[in-house]
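Visitor: What follows is each chain in one-letter form.
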Amino acid sequence: MTKVLLTLAACLTSVGQLFAQSQGITYQAIIIDRSTKEIPGVDVVGNYLPNHALTVRFTILNENDNIDYQEEHVTSTDDYGMISLIIGMGSPSSLSPSVFGEIDWDGSPKDLRVEVSIGESTSDFTEFSFQQLTFVPYALHRNITATGDLIIGGKSTFNGEVVFQEITVEGTANMNGILNVNNGSPANFSGDLNVTGVTTLNNNLTVNSTTGLNGQVTINASLPSNQLSKGSYPLLVQGSSQGIAITVNGSRNSANNFVSFWDASGMHGRVEGQTTGEVASGFDYIWDNAIMSVEIGFIIAEAACTAAQLDACEAVLLGTQGAVKVAQLAEYNIDALNRAGVAYESTSGDYAEWLEKADPQEGFSFGDIVGVTGGKISKRLTEPDHFMVVSRSPIVLGNMPPKGKESLYKKVAFVGQVPVKVRGVVAIGDYILASRLNDGIGTGIHPDRMKLDDYQRIVGVAWSEADNQHGTSMVNVAVGINSNDAVGKIKRQEQELISVREQLNSVITYLKTKDPSFDAELLQFEENKSRPAVTNSTDKVVTGQPADETKLDVAFRQLESDPKFLRGVLANARNILDEKGVDYNLYEQTRRLVTDETYLIEVLKEITGASINQK
Amino acid sequence: MVLLSFITAASGQQLSLSYGRMFTSFDYQDSQGNALDGLSGTTGNSIMVAYQAPIAKNKWFINTGICLNEYGAKGSDPAVDNYYEWDTNYVGINVGVDYEFFTQKNFFANQDGFYFYLKGAMSTEFLIDGTQRINNQLYDLSGKEQFDKPVFFLRGGVGANYCVSQRLVVSLQYLGGKSFPVFGKSSADNEKLQYVSHTISFGLVLNLPKCKYCDRTF
Numbered sequence: 002m003t004k005v006l007l008t009l010a011a012c013l014t015s016v017g018q019l020f021a022q023s024q025g026i027t028y029q030a031i032i033i034d035r036s037t038k039e040i041p042g043v044d045v046v047g048n049y050l051p052n053h054a055l056t057v058r059f060t061i062l063n064e065n066d067n068i069d070y071q072e073e074h075v076t077s078t079d080d081y082g083m084i085s086l087i088i089g090m091g092s093p094s095s096l097s098p099s100v101f102g103e104i105d106w107d108g109s110p111k112d113l114r115v116e117v118s119i120g121e122s123t124s125d126f127t128e129f130s131f132q133q134l135t136f137v138p139y140a141l142h143r144n145i146t147a148t149g150d151l152i153i154g155g156k157s158t159f160n161g162e163v164v165f166q167e168i169t170v171e172g173t174a175n176m177n178g179i180l181n182v183n184n185g186s187p188a189n190f191s192g193d194l195n196v197t198g199v200t201t202l203n204n205n206l207t208v209n210s211t212t213g214l215n216g217q218v219t220i221n222a223s224l225p226s227n228q229l230s231k232g233s234y235p236l237l238v239q240g241s242s243q244g245i246a247i248t249v250n251g252s253r254n255s256a257n258n259f260v261s262f263w264d265a266s267g268m269h270g271r272v273e274g275q276t277t278g279e280v281a282s283g284f285d286y287i288w289d290n291a292i293m294s295v296e297i298g299f300i301i302a303e304a305a306c307t308a309a310q311l312d313a314c315e316a317v318l319l320g321t322q323g324a325v326k327v328a329q330l331a332e333y334n335i336d337a338l339n340r341a342g343v344a345y346e347s348t349s350g351d352y353a354e355w356l357e358k359a360d361p362q363e364g365f366s367f368g369d370i371v372g373v374t375g376g377k378i379s380k381r382l383t384e385p386d387h388f389m390v391v392s393r394s395p396i397v398l399g400n401m402p403p404k405g406k407e408s409l410y411k412k413v414a415f416v417g418q419v420p421v422k423v424r425g426v427v428a429i430g431d432y433i434l435a436s437r438l439n440d441g442i443g444t445g446i447h448p449d450r451m452k453l454d455d456y457q458r459i460v461g462v463a464w465s466e467a468d469n470q471h472g473t474s475m476v477n478v479a480v481g482i483n484s485n486d487a488v489g490k491i492k493r494q495e496q497e498l499i500s501v502r503e504q505l506n507s508v509i510t511y512l513k514t515k516d517p518s519f520d521a522e523l524l525q526f527e528e529n530k531s532r533p534a535v536t537n538s539t540d541k542v543v544t545g546q547p548a549d550e551t552k553l554d555v556a557f558r559q560l561e562s563d564p565k566f567l568r569g570v571l572a573n574a575r576n577i578l579d580e581k582g583v584d585y586n587l588y589e590q591t592r593r594l595v596t597d598e599t600y601l602i603e604v605l606k607e608i609t610g611a612s613i614n615q616k
Numbered sequence: 031m032v033l034l035s036f037i038t039a040a041s042g043q044q045l046s047l048s049y050g051r052m053f054t055s056f057d058y059q060d061s062q063g064n065a066l067d068g069l070s071g072t073t074g075n076s077i078m079v080a081y082q083a084p085i086a087k088n089k090w091f092i093n094t095g096i097c098l099n100e101y102g103a104k105g106s107d108p109a110v111d112n113y114y115e116w117d118t119n120y121v122g123i124n125v126g127v128d129y130e131f132f133t134q135k136n137f138f139a140n141q142d143g144f145y146f147y148l149k150g151a152m153s154t155e156f157l158i159d160g161t162q163r164i165n166n167q168l169y170d171l172s173g174k175e176q177f178d179k180p181v182f183f184l185r186g187g188v189g190a191n192y193c194v195s196q197r198l199v200v201s202l203q204y205l206g207g208k209s210f211p212v213f214g215k216s217s218a219d220n221e222k223l224q225y226v227s228h229t230i231s232f233g234l235v236l237n238l239p240k241c242k243y244c245d246r247t248f
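The listed protein sequences derive, respectively, from chains V and F.
Going by this note's numbering, the first residue of the first sequence is number 2, and it counts up by one from there.
Going by this note's numbering, the first residue of the second sequence is number 31, and it counts up by one from there.
In case anyone wonders, no lab produced these hints; they're calculated from the structure.
Since we're looking at a predicted model, the values are computed, not measured.
Among the clues, some could well be false.
[Unchecked claim] Pairs of lysine-lysine residues, derived as DSSO-like cross-links and limited to a Cα-Cα distance of at most 27 Å, are as follows:
1. V:K38 / F:K135
2. F:K208 / F:K179
3. F:K135 / F:K242
4. F:K222 / F:K104
5. F:K174 / V:K38
6. F:K242 / F:K104
7. F:K179 / F:K215
8. F:K89 / F:K135
9. V:K156 / V:K111
10. F:K222 / F:K179
11. V:K231 / V:K406
12. F:K89 / V:K38
13. F:K242 / V:K38
14. F:K104 / F:K179
15. V:K38 / F:K222
16. V:K581 / V:K565
17. V:K38 / F:K208
18. F:K208 / F:K222
[Stated by the list, open to error] Looking from chain V toward chain F, a few residues come up when the C-beta cut is under 8 Å (computed):
19. E39
20. P51
21. L55
[Stated by the list, open to error] Computed list of chain F residues with no C-beta within reach of chain V, every gap over 10 Å:
22. G71
23. A80
24. G143
25. F146
Note that CB positions come from ideal geometry on N, CA and C, so glycine has one too.
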């Protein structure tokens, strides 16, 4: 009996290892007998075929109509003509190039051919189904639950939300949209993290290793304004015995600021680099070199002029002086160049400390002159140890008061420039003296009009002038740099005392000549006692000159009296500077110092001061 | 014409109208000679109008008439869950012969009483309408094989007449029979169908004028 079969239903597919089952595609079908069953009248067609043995052959064809896989199932229909098979669990035929698990599901079109052999011969197959394998509708449009591996060779597009309990990406993962890591879950990166766009961190950032920031870092922290709390500072560096190390590109120089200080109106201070070249081209350095060179030049000129008149000891002594001076110049240069480091620059001009008020209720304002006794300040002290000035904006401020007691202290300038309240006219160079009214206001007085009592009331030297004859004004005053101001005065008094002593000795000598019994002890005067003996100090002359007379003092007199000698000194000084590479032409003062004979004399007068005039 | 002349000459002509219930079934074989299992019979109606005349010493009667018979069958095939049912109506021409083999005098009157007879008949019947149901599908049997040809029946039975009056006779009759096979579309096809019927009918017989059927004495 030959029968032609028809398949009514259908493939319910599940590819892969669902719930640890074997791989395969479930296949169910009802076998319909398309032969006619004869009955009276209209014959019956399309009966299903129950309990009938048959062989089913499945063939999966690729897009080139070549066989990817073929297998056969020997089975039978059930009471209702149905067969239930799993494609992949049959017996692969000899034409099958691979087993089911090795089919390359590469996304290319594949077809399924189903053939049935229902006769006695299992090779007499009749094709009754040929259809394209497509996505399982449920898998395409509904949830997919899989516990096994899912291998996707091609591009996958997820148009909706994708939820992974765990995901491992072996290759590059490109995300063209937003990446959110939710629920406070951490994101761990074992490798480098490269972020091209702007990175915003809304919470704490902890970096446990070395951190390199190649761009400018701006810290915009909204913090309390309590300056005594560490929590008020946007940048807190801790955890080490060292603080902050700052390295600028290249070598340090004045164009490189290690730190600068700004506010809304601009920069108000900086810590900048300083090179040896900048030191060598500085005015101070060149000036000091010029002065020393003049001294050496004088020694050389003196040796040249008096060589024939010197004995051996004097020649050795003069040579030694010259060598020592040359060594001093070399030492100065080495020390000056070695000190090139960093400089702190600020618009503020003084160095100050907090000093306690003698009377906590007393009021002060900047520029007030205050008396200091025992470290406490007051404007009402009659004979204080020192007179100082309340500072406005010191560059350095020490002796910070205890927390909460700032009102009991004031900032008092120790060294530097500070505005000071003055009354009347003040000229540049005037001494500023504390007034005797104890009102915190000073007065200016020219150095030539200073009296001895005035020295104990000196506050500083005016570096600006005031022309308010009847009122008060502010002048810029240099404080803390005039500790030796009284020295010249004392020297003159000492000189006068020596002169008086010498005159008294002459009187005693004369009296002893007239009266040998004259006892000088009656005058309680130590006869012939003079100033200490001449020392071997290298900066003192040793013959026929006062012990406090320096080489410059001697040079002044000799230079002033001998123009030829003076020109020789200048030539020698220029040679020395040229040999050392000091560019004295950089500044007008240094150039004139070693080229202008008149200017040199003026400078020497300035340096030696009134002592020379007294001699 | 000879038969008609013979009947016309007779003196016992009758007209009859009978109605009965017919139990029918199919005897079927497919082209492979297999019977259709699971068939059972159905019950239908049978109506006949006939003319009868005596022949040969009033023991033999010949009759002819028109009949309307309802044949049917039903069955199922549990293996494939099929259900079948046929319902057909045939009209035919019937010719029969009765042989009266026993009479019984009326016990209540001095008149003819019961007349028992044997009956043989043949008929040719034609389908006037019919339907076939296969599961839930209903088909018209007109023109379908086995139903597109006249059916020839042979029937035999027994009956009894009772003269109610000189003119009226009532009858009760059983008639069973089977048709000749009705084959498929081709003669080579061995598929064949035969009808089997069993009819019990009640009839009224009107004695035409000059009919002496109930005037006979015993």
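Visitor: Next step is simple, just say for each hint if it's right about the structure.
Guide: Each hint, compared with the structure:
Distance hint between V:K38 and F:K135 is unfulfilled; the C-alpha atoms sit about 58 Å from each other, more than 27 Å. In summary, the hint linking F:K208 to F:K179 is supported, as the alpha carbons are separated by about 16 Å, within the 27 Å threshold. A C-alpha spacing of about 15 Å is found between F:K135 and F:K242, which places the hinted pair at or below 27 Å, so the restraint holds. For the suggested pair F:K222 and F:K104, the alpha carbons sit about 17 Å apart, so the restraint of at most 27 Å is met.
For the given pair, F:K174 sits about 15 Å from V:K38 by alpha-carbon distance, which is consistent with the 27 Å threshold. A C-alpha spacing of about 46 Å is found between F:K242 and F:K104, which places the hinted pair above 27 Å, so the restraint is violated. For the proposed pair F:K179 and F:K215, the alpha carbon gap of about 10 Å is at most 27 Å, so the pair holds. Between F:K89 and F:K135 the CA atoms are separated by roughly 16 Å; this keeps the pair inside 27 Å, and the hint holds.
In summary, the hint linking V:K156 to V:K111 is supported, as the alpha carbons are separated by about 18 Å, within the 27 Å threshold. Under the criterion of a C-alpha separation no larger than 27 Å, the hint pairing F:K222 with F:K179 is consistent with the structure, at around 12 Å. For the hint linking V:K231 to V:K406, the alpha-carbon distance of about 19 Å falls within 27 Å, and the restraint holds. Taken as a hint, the F:K89 and V:K38 pair is broken in the structure, with Cα atoms around 51 Å apart against an allowance of 27 Å.
As the CA atoms of F:K242 and V:K38 are separated by approximately 57 Å, the hinted pair breaks the 27 Å bound. For the suggested pair F:K104 and F:K179, the alpha carbons sit about 21 Å apart, so the restraint of at most 27 Å is met. Note on V:K38 and F:K222: the hinted pairing holds, with a Cα-Cα distance of about 14 Å set against a maximum of 27 Å. Pair hint V:K581 plus V:K565 holds up; C-alpha atoms about 25 Å apart against a cutoff of 27 Å.
Among the hinted pairs, V:K38 with F:K208 is consistent with the structure: their alpha-carbon atoms are about 25 Å apart, no more than 27 Å. Proposed proximity of F:K208 and F:K222 is supported: the alpha carbons are some 13 Å apart, at most 27 Å. A distance limit of 8 Å between C-beta atoms decides the matter here; for V:E39 the minimum to chain F is near 4 Å, and the interface restraint holds. For the restraint placing V:P51 at the interface with chain F, the shortest Cβ-Cβ distance is roughly 6 Å, inside the 8 Å limit, so the hint holds.
At a threshold of 8 Å, the smallest CB-CB gap from V:L55 to chain F is about 16 Å, leaving the interface hint violated. With 10 Å as the threshold on Cβ separation, the claim that F:G71 sits away from chain V holds: the shortest Cβ distance comes to roughly 13 Å. Distance to chain V confirms F:A80 as a non-interface residue, since its nearest Cβ pair spans about 29 Å, more than 10 Å. Listed as a non-interface residue, F:G143 keeps its Cβ farther than 10 Å from every Cβ of chain V; the least gap is roughly 45 Å.
With a least beta-carbon separation of about 37 Å from chain V, F:F146 lies farther than 10 Å from that chain, consistent with its non-interface assignment.
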